[in-house]
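**Student:** Put together the whole structure using the sequences plus the hints.
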Amino acid sequence: MRNVPWQVFALGSAFFAGLTAIFGKQGVAHINSNLATFIRTAIILILIAGVLTWRRGWQRPEAMPTRDVVFLVLSALATGMSWLCYYRALQMAEASRVAPVDKLSVVFAIVLAVLFLGEALTWKVALGGAFVTAGAVIMCL
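Be aware that the sequence shown starts at 1, since it is given in this note's numbering, and climbs by one per residue.
Don't read these hints as lab results, they were simulated from the structure.
None of the values given here were measured: they were computed from a predicted structure.
Everything hinted at is true.
Estimated spans, in silico, between C-beta atoms of each pair:
1. A10 x A134: 17 to 23 Å
2. V8 x F116: 26 to 32 Å
3. M92 x V114: 29 to 35 Å
4. L47 x R2: 20 to 26 Å
Yeah, the Cβ is synthetic: ideal placement off N, Cα and C, and Gly gets one too.
**Tutor:** Structure representation (structure tokens):
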């Protein structure tokens, strides 16, 4: 898997995120959205523990840089809030309308990466972000 280009994993992420919308919409049909998020999280925990074990990726906590762990905790909190909002939105609206709005995360990531990570805002990145925004707005009309 080391020679696989990052684009393959990014497309896999997009594909599975698309499945998340479809499966999630069905899963919250008769279950509280917060409970649904809990169930989803428990399954993910088991899946990732299995992958870590299979790939021998476990590390001793003291070997992990504190700064990295703090940012992973913050990322987990942001992910949890995102999932709670996402499942609630899926209960309230069609998946085909929720998913495009959720993809505004691309635009937020661009802005935050420029502001906090010092990443360059090239014309391609700006134009792509504008297209994502336009697509989300059109899908909501």
